[in-house]
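Each chain, letter by letter, is given below.
There are 2 protein chains.
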Amino acid sequence: MRSINIGLLGFGTVGAGMVKILIENGPLIESRLGALLILKKIADLDITTDRGVAIQPDILTTDASEVLNDPEIDIVVELIGGYEPARSFVLQAIANGKHIVTANKALLAKHGNEIFAAAGKQGVEVAFEASVGGGIPLIHSIKEGLVANRVKMLFGILNGTANYILSKMTDEGTSFETALKRAQEKGYAEADPTFDVEGIDTAHKLAILMMLSFGIPINLDAVYTEGISKITPLDIEFIQQFGYRIKLLAIAKDTGDAVEARVHPTMIPAGSMLANVNGSFNALSITGDMAGDILLFGRGAGMMPTGSAVVSDLVDIGRNILYGAVGRVPAIGCQAGAVRDRRIKKIDDLETKYYFRFTAVDSPGVLSKIGGVLGAHRISIESVQQKGRVTSGSVPIVMITHKAREVDVQNALKEIDSLPVVQGETILIRIEGD
Amino acid sequence: MRSINIGLLGFGTVGAGMVKILIENGPLIESRLGALLILKKIADLDITTDRGVAIQPDILTTDASEVLNDPEIDIVVELIGGYEPARSFVLQAIANGKHIVTANKALLAKHGNEIFAAAGKQGVEVAFEASVGGGIPLIHSIKEGLVANRVKMLFGILNGTANYILSKMTDEGTSFETALKRAQEKGYAEADPTFDVEGIDTAHKLAILMMLSFGIPINLDAVYTEGISKITPLDIEFIQQFGYRIKLLAIAKDTGDAVEARVHPTMIPAGSMLANVNGSFNALSITGDMAGDILLFGRGAGMMPTGSAVVSDLVDIGRNILYGAVGRVPAIGCQAGAVRDRRIKKIDDLETKYYFRFTAVDSPGVLSKIGGVLGAHRISIESVQQKGRVTSGSVPIVMITHKAREVDVQNALKEIDSLPVVQGETILIRIEGD
Chain X
1 MRSINIGLLG FGTVGAGMVK ILIENGPLIE SRLGALLILK KIADLDITTD RGVAIQPDIL
61 TTDASEVLND PEIDIVVELI GGYEPARSFV LQAIANGKHI VTANKALLAK HGNEIFAAAG
121 KQGVEVAFEA SVGGGIPLIH SIKEGLVANR VKMLFGILNG TANYILSKMT DEGTSFETAL
181 KRAQEKGYAE ADPTFDVEGI DTAHKLAILM MLSFGIPINL DAVYTEGISK ITPLDIEFIQ
241 QFGYRIKLLA IAKDTGDAVE ARVHPTMIPA GSMLANVNGS FNALSITGDM AGDILLFGRG
301 AGMMPTGSAV VSDLVDIGRN ILYGAVGRVP AIGCQAGAVR DRRIKKIDDL ETKYYFRFTA
361 VDSPGVLSKI GGVLGAHRIS IESVQQKGRV TSGSVPIVMI THKAREVDVQ NALKEIDSLP
421 VVQGETILIR IEGD
Chain B
1001 MRSINIGLLG FGTVGAGMVK ILIENGPLIE SRLGALLILK KIADLDITTD RGVAIQPDIL
1061 TTDASEVLND PEIDIVVELI GGYEPARSFV LQAIANGKHI VTANKALLAK HGNEIFAAAG
1121 KQGVEVAFEA SVGGGIPLIH SIKEGLVANR VKMLFGILNG TANYILSKMT DEGTSFETAL
1181 KRAQEKGYAE ADPTFDVEGI DTAHKLAILM MLSFGIPINL DAVYTEGISK ITPLDIEFIQ
1241 QFGYRIKLLA IAKDTGDAVE ARVHPTMIPA GSMLANVNGS FNALSITGDM AGDILLFGRG
1301 AGMMPTGSAV VSDLVDIGRN ILYGAVGRVP AIGCQAGAVR DRRIKKIDDL ETKYYFRFTA
1361 VDSPGVLSKI GGVLGAHRIS IESVQQKGRV TSGSVPIVMI THKAREVDVQ NALKEIDSLP
1421 VVQGETILIR IEGD
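Those protein sequence lines, which keep their order, are chains X and B. Per this note's numbering, residue 1 is the first one in the first sequence, and the count goes up by one each step. Per this note's numbering, residue 1001 is the first one in the second sequence, and the count goes up by one each step.
Just chain X, with the same shape it has in the complex (with noise of 0.2 angstroms):
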C-alpha cells in the first residue's frame, strides 16, 4: 500500500487529538484513502511532556528545520497557532514543495494572501478545514458543496468561548465577567480572552470564509469588529423580553454592488435556529442562490472535533497526491486569476435595526428630548420599555428602532450621550433577522 508522509509542527491539543486519530481510526482511514498516513516528524518546543497518545519518541524533535527539510515528508501540518514563527516555517515548507493543513486562522486571516500566492507558484496545496469551526466540515461545503452557488449571505457563530458565555448570561443572569471566569475555568477561554471576546478571532474566521464565498482576496481590516464585553445581564434581559436572543454574530452580505462585512454582538429572533446553538458549539448559516438557507451546526473547537478536521485536509491532499492531481480544487476557491477585490461596505452606511439602552434620569419629558434627537437623525423608533426600574439614581430606557443608517444612530447617540438628563453611555446593540 503506498503511503503519504506527514510532519507535524506544534504538539499541542489539536496536535495530539490529530495524532489520536491517526493511531484509533488508522485503518478505517486507510480503507477509505486507499494508502496509509504516516506520522514521520513531530517538531516542538517541549519534547517531554506526555500528551497521552502512544508515538515512537525518535519522532520528536525540537527543531523545525528537522521537519521542513526532510525529503520525505509530503504535507506540513502547521498547529502551532499564531503569527511568527508560524508564518515563516509554512512559507519555507511550501518553498521545499511540501503542502500545508493548518488550523491557524490569525495567520490566514493575517498572511492569508501571501501564503496562497507562494503555495500557487510552488504548486503545493494549502488546506484550512480546520481553522474555521472546528470539527464542522464548513469548508468543504462552501468549496465543493455549493460551487454553484453564488452566496448572498453567511452568519456565523464561530466563536465557542463568546457564545459559551452569551448563553451562560441569558440562562442563568451572570454578569460578562463571572461568565467568563467560569468559561475560563472550564478551559473554553485562555487566560488571556481578547481574541475571543472582542471578536477578533471570529472576524479572522469571517475574514477566510468571505474569500472562499465571494472569490476575494482576504482583506481583514475591512471587517467591523466588535466584541461581547460591554454586554450586562440588564441588556440581556430587556432582550428576551422584546423576544430576541443575543449571539457574537460573524456577517457578511454580497449586496450587488459591495460586500457587507461584520461581527458584533447581534439580535436575533429567539425562534431562529441560530438563536438555539447555545453553549460552545459553531453553527454558519450560508445562503446561496440556488441551494437556499443552508445551516452547519457542531463542535466548533476541542482536540478531537479539531483533529479530525485537521485528518480530513490530510486525507484530501492524500487522494490528490496519489492521484497526480495537486491544485485539482484551489486553496482558494476560484482560479487565481478569477479573484476580484469587491467594495466592502464602511459601518457607517449599514442600514439596520437598532437596539438602544439608554441611562437616563428619572424625569419626565427625558424621553421626548431622546426621541426628538432621533427624529432629527431619521431613526424612528419601533417599542420602548421604561420600566422605571431605579439603577444609582437612573432608570434604563430601552429602545427597537427600525431601519436606520449607522451613521445617523452614531451622531445621534453622540448626541444624546451629552444631553444633561443622560448618564453614561448609551448602549447599541444591532438587530438581524426579522
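Don't take each hint at face value.
As the list claims (entries may be wrong) - Taking CB as the label site, the calculated pair distances span:
#, chain 1, residue 1, chain 2, residue 2, range
1, X, GLY12, B, GLU1072, 48 to 56 angstroms
2, B, ASP1341, X, SER3, 27 to 35 angstroms
3, B, HIS1402, X, ASP46, 47 to 55 angstroms
4, B, SER1003, X, ASP171, 51 to 59 angstroms
5, X, SER175, B, GLU1382, 34 to 42 angstroms
6, B, ALA1338, X, ALA54, 21 to 29 angstroms
7, X, GLY337, B, GLN1122, 31 to 39 angstroms
8, X, LEU36, B, ASP1171, 49 to 57 angstroms
9, B, THR1194, X, SER3, 44 to 52 angstroms
These aren't lab readings, by the way, just hints derived from the structure by calculation. For each residue, glycine too, the CB sits at the ideal point set by N, CA and C.
Following the hints, put chain B in place on chain X, whose structure we already have.
Relative to chain X, chain B alone:
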C-alpha cells in the same frame, strides 16, 4: 478553456433547475472549476413543454440513445426517477464509459450495488449528492468532511413532505388527511404520496447514507420502515404535553456488534434541534467518534436546491476529468475491497422508550389490567395520562414507558388489544433522544 460535455436524461423540475443554474451561474462555476460545463443533449419523452429555461431546441431529443451513445458526452445526468428505464440507461451509460450523476434514491437503494459494481469495473464515477437532502451537501460531508470518523449515529429528517405534514398537524391541529391535502395543493406531495408518507423514500435515503457511513453494501430490505399515516391530532396533542415533538426520522446506529436501521414516526424532546426543523426542510444529525455531533440543515427538495447538488457533482467529476483523477473518492465512500457486510438488527431487538395510546372503555380497573399485561412483559411505565376525554364512548389512556424491548412491546400490545375493555388498535410511537 477546456470543457466537460454533459448529457441529461429527464427534463423535469430538477433537470430544468440544473439547466437554469448552468446558464445563470455559468461564468461563476467556470471561475471555480477552470473549465466550461457544456450541456450537449437533453433526452425526454416530452420535448414540447416550455420549462422556462432558454436552451437551443436542437439539443432536445426523445431518444435516450442519442445521449447514451454520443462519444463526446463525458457525464450523463439521470433525472428520470424510478427504477426503469433509469436502471437500464445508467448501466448502458456506464458500459459506454460515461460518468453518472443521479438524484435517484429509489434506483440507488434498490440497484445501487449493481450500479456501483458496474461503474467500478468500467472505471467511471457515480455521484449522487442530489439523491439525499436536496441542496444540503450531506454526502460530501460524510464522505470527505468526516472521513476521519467512525460514524456512530445518524438521525435524519429526510422527507420534506412528511415533515411538512407533521409540522402542519402540530401547528394547526389538523388531521393527517387535511395536512396531506394541503401538501398536495402546495406541490410538496405527489398525487400518490405513498413513498413519502409511508417512509419508503426516507428508507431509500437512509440505505444510501448507511453505505457511506458504515462501509456496508446497500441493504434496503433490512431497514425497518413505518409511515406517519396512523398519527392522529390526539396523539400530537399528548406528545406535546409530554414535552416532545414528532418527526418521521431515519435512524441508524453502530452498536458495535451490529447496525440499527429504522424509519418511523419518532418522538424527540421539544428542545432538540431536530425537533425544530419544521415545514418542508430537511436535516441530518451525524455523530462521528471524533468530530462529535454535527447537524446539517436546509432545503431537502425543489428545483433549485436539488439542481445545485447536481451541479456540485458535475463540478466534482469535471475536476477529476481535468486532472486525470477519476476514482479519487470512491462512490461508495471506501475502497471496494473494504466493504463489509454487517448484521442489521431486527426491529424485535430494538430497546427504546415507547409512547402508547390505548382506547379503552371508561371503567375502573382498566388501567390496572393494562398495567398488569405490560408488567408481565417486563415493560415498566414512566408516566401515564388518563384524561377522561370521551371519544365515542371510550377514553384514551396514554403512557410513556421506560426502555423496553420491541418484541416484548409487540407481544404485550397484542394481548392488550384483545382485552374486552380495549377498543381498537393501540397506537405505538417510539421515543429517542432522552
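Comparing the hints with the structure gives:
Judged by the Cβ atoms, the range 48 to 56 angstroms given for GLY12(X) and GLU1072(B) holds: they are separated by roughly 53 angstroms. One distance hint, 27 to 35 angstroms for the beta-carbon pair ASP1341(B) and SER3(X), holds here, with the actual separation near 28 angstroms. A hinted range of 47 to 55 angstroms holds for the C-beta pair HIS1402(B) and ASP46(X), which are about 50 angstroms apart. Distance hint check for SER1003(B) and ASP171(X): the Cβ-Cβ separation is about 56 angstroms, which falls inside the suggested range of 51 to 59 angstroms.
At about 39 angstroms, the beta-carbon gap between SER175(X) and GLU1382(B) stays in the expected band of 34 to 42 angstroms. ALA1338(B) and ALA54(X) have their C-beta atoms about 25 angstroms apart, which keeps the hinted 21 to 29 angstroms range intact. The hinted range of 31 to 39 angstroms is satisfied by GLY337(X) and GLN1122(B), whose Cβ atoms lie roughly 35 angstroms apart. Checking the proposed 49 to 57 angstroms range against LEU36(X) and ASP1171(B) shows it holds: the Cβ atoms sit about 53 angstroms from each other.
Judged by the Cβ atoms, the range 44 to 52 angstroms given for THR1194(B) and SER3(X) holds: they are separated by roughly 51 angstroms.
Violated hints are absent here; each numbered hint is respected by the structure.
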